[in-house]
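Participant: Protein chains in written order, with the working numbering: chain A, 75 to 284; chain B, 21 to 107.
Calculated directly from the structure, the hints in this document are not laboratory data.
Since the structure is predicted, the reported quantities are computational estimates derived from the model, not experimental observations.
One thing to keep in mind: the hints can contain errors.
[What the hints assert, rightly or not] Only pairs whose alpha carbons sit at most 27 Å apart, straight line, appear in this in silico DSSO-like list of lysine-lysine:
no. : chain 1 : residue 1 : chain 2 : residue 2
1   : A       : LYS214    : B       : LYS22
2   : B       : LYS80     : B       : LYS22
3   : B       : LYS80     : A       : LYS214
In case you want the letters, here they are:
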Amino acid sequence: MGLPLGTAAIVLVVLLWELARPTLKRALTRARELWAAHTLKGTGRRGSAPVGYDPGRERRAERRARALLRSCVTEHDWAMYRELGFLRVWGGLGARADGATGVAASYAYLIYPHKPIVAYVPDTSELLNEYCVAFPDMSKPYGSARLPDSDDVLAKWMALTADERRLVGEANMHLPGRQVDPDRVRRDLARLKRWEQELCDRRAGSVRAA
Amino acid sequence: MKLLRMKPGHGEIVLAEGDVAVPEQERELIEAFRRELDAGMWAAVPTQAPGGRREAELVKSFDEVPRDAERVIFFPRAAGGAPRPTR
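Extracted from the complex, chain A is given alone in its bound form (with noise of 0.2 Å):
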């Protein structure tokens, strides 16, 4: 007698735990949910946010430094990087910049904002390697070592203009795709290159129409 009814007890309260438990389980995860938005709160931090973050801060920084980098590059650079969104930097200390040696440069390099420096042929847009270079500022006076992007390209201009051995030097270097999606380094070649080509027609045009 008293088996059977043992047994029934005990199924009797699987049951009742089988048909309980998705109940059960959605308070307790609404009970974790309120518990971690209370903890937020009380710590003022709002979602997956860094301690620290203020967006406003780093478009105001953004800002700054972007006329920084305005003053620093010649004017078509600066369209270069405005519509396009990267710097070229020719390689070789520029030959083909200047024309002083009369010999174009046989390589470039595109820089990129917190990206590898992408080295590359200009006449047949073959991709070389990546140069994979940072400027962490281990001050991290707001809680972060990364520049702002228009600093980043800066650092990397000045560094890759002054003294193009050393950057390299420092740099990791990597062959291409490592990083950097090397479909997307090609479209932007091909972009440059048409953006190129219709900033020589515009001056053309005006050239004539003057």
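Keeping the supplied structure of chain A fixed, place chain B upon it in accordance with the hints.
Facilitator: Relative to chain A, chain B alone:
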């Protein structure tokens, strides 16, 4: 001459400003310059060539800064490596 420093979350800040022809101001510029170099920063002077070409010159001491330079920009020294791919 202005000494500027790139700063995360802020953009550039003015560290010091003065006339190198005035000894007292030059001393202040030199002190600020050394502080930044001691902190491991690189210093660059943006320049413009006669043909209009722009470039920069890395300097390792205040003596290397051209006397007529309008500004020196300090930025963290280069380190190999970069953030993880985002593609």
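Participant: Determine for every hint whether it applies to the structure shown.
Facilitator: Hints versus structure:
no., hint, result
1, A:LYS214 x B:LYS22, "23 Å, holds"
2, B:LYS80 x B:LYS22, "16 Å, holds"
3, B:LYS80 x A:LYS214, "24 Å, holds"
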